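Participant: Residue numbers (our numbering): 2 to 231.
Incorrect hints may appear among the rest.
[Said to hold, decoys possible] With a straight-line cut-off of 27 Å between C-alpha atoms, the simulated DSSO-like cross-links for lysine-lysine are: (1) Lys91 <-> Lys207; (2) Lys177 <-> Lys143; (3) Lys218 <-> Lys91; (4) Lys177 <-> Lys218; (5) Lys143 <-> Lys113; (6) Lys91 <-> Lys143; (7) Lys113 <-> Lys91; (8) Lys143 <-> Lys218; (9) Lys177 <-> Lys113.
[As the list claims (entries may be wrong)] Using C-beta positions, here's what the derived DEER-type ranges look like: (10) Pro139 <-> Glu48: 39 to 49 Å; (11) Ser105 <-> Asp181: 19 to 29 Å; (12) Lys218 <-> Thr34: 14 to 24 Å.
Simulated from the structure, these hints should not be mistaken for laboratory data. These numbers were taken from a predicted model, which means no experiment stands behind them. No residue lacks a Cβ here, since even glycine has one placed at the ideal position from N, Cα and C.
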Amino acid sequence: MRRAVSQKNVLAARQLHATPAISAEALKRSEVTAKTDPSVAKQYDTETPVSTQIDEFYSFADANRLCMLATQRGLPNGSNTVTRAMAVSKREGPDFYFLCNRHSQKVEDITKTSSRVNVTFVDGSQWASISGVAECTPGHQKIAEIYSPIVSAWFGDLGDGVHSGGADDPRMCLVKVIPDHIAYYVNTKGKVARMADMATAVATGKVAQTGVLREIKGSALEGARSGRGY
2 MRRAVSQKNV
12 LAARQLHATP
22 AISAEALKRS
32 EVTAKTDPSV
42 AKQYDTETPV
52 STQIDEFYSF
62 ADANRLCMLA
72 TQRGLPNGSN
82 TVTRAMAVSK
92 REGPDFYFLC
102 NRHSQKVEDI
112 TKTSSRVNVT
122 FVDGSQWASI
132 SGVAECTPGH
142 QKIAEIYSPI
152 VSAWFGDLGD
162 GVHSGGADDP
172 RMCLVKVIPD
182 HIAYYVNTKG
192 KVARMADMAT
202 AVATGKVAQT
212 GVLREIKGSA
222 LEGARSGRGY
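Between the sequences and the hints, there should be enough to build the whole structure, so can you do that?
Facilitator: Dropping the structure here:
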């Protein structure tokens with residue numbers, strides 16, 4: 002059904018633009034650069050206030066608690082990237098907290114290979130990529146604050162009265178991800194409008210613009226983290 006609707010939109014767009022015309026985005030070969038290429042340049046959001054970009058990033062991350070956490074593995078310099086699904090335990094400003102087993106490979110990756118990590122959220126065609134540094138702290142007092150009984154499912158109760166899978170289990174480790182760069186893409190049109198825009202782009206040679214790409218870094222991140230403002 003989606004394919005049929007898409008073809009119908011393409012045909013309609015071609016009929017609408019039946020008279021040949023030079024695309025407004027046409028460039029000479031020598032003029033196509035990373036800054037002028039419309040397929041790249043049109044994506045970036047240069048109009049939305051930073052405060053709104055940060056607030057909308059928070060909303061997107063909070064609505065998608067399941068993410069992918071990527072760490073570096075392979076001594077001496079982390080030649081392999083390993084990614085696994087993780088549930089966010091808590092977000093404070095731009096920083097993210099996770100709970101995991103201190104004996105897990107991810108903790109060894111962070112503490113022995115590289116503290117550089119990436120957290121990725123995906124929701125349909127929307128996504129967020131968070132790069133930064135991770136800190137691992139077993140027994141941190143914040144564990145009790147963000148602990149949920151469901152976490153025990155991944156630890157089990159070893160029956161010794163100590164390793165119970167509870168917040169005070171010595172295996173429990175707090176992982177804090179401190180971003181220094183956030184990039185995310187959000188749709189600015191509904192599904193039907195996005196399909197129509199893509200069909201028109203195919204028929205006319207223009208570049209579809211169904212959403213915007215945003216970057217948050219530097220002083221904007223520090224302001225969000227400290228509460229001083231954006």
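Participant: Take the hints in turn and mark each one as holding or not.
Facilitator: Each hint tested on the structure:
1. Lys91 <-> Lys207: Roughly 42 Å separates the two Cα atoms, so the pair is violated.
2. Lys177 <-> Lys143: holds, 10 Å
3. Lys218 <-> Lys91: holds, 21 Å
4. Lys177 <-> Lys218: holds, 18 Å
5. Lys143 <-> Lys113: holds, 23 Å
6. Lys91 <-> Lys143: holds, 10 Å
7. Lys113 <-> Lys91: holds, 25 Å
8. Lys143 <-> Lys218: Given that 27 Å is the threshold and the Cα spacing comes to 26 Å, the pair holds.
9. Lys177 <-> Lys113: Distance ~16 Å between Lys177 and Lys113 Cα, so the pair holds.
10. Pro139 <-> Glu48: 39 to 49 Å: The hinted range 39 to 49 Å holds for Pro139 and Glu48, with Cβ atoms some 45 Å apart.
11. Ser105 <-> Asp181: 19 to 29 Å: Given about 24 Å between the Cβ atoms, the range holds.
12. Lys218 <-> Thr34: 14 to 24 Å: Given range 14 to 24 Å: holds, Cβ gap about 22 Å.
Checked against the numbered hints listed earlier, the structure breaks hint 1 alone; every other hint is satisfied.
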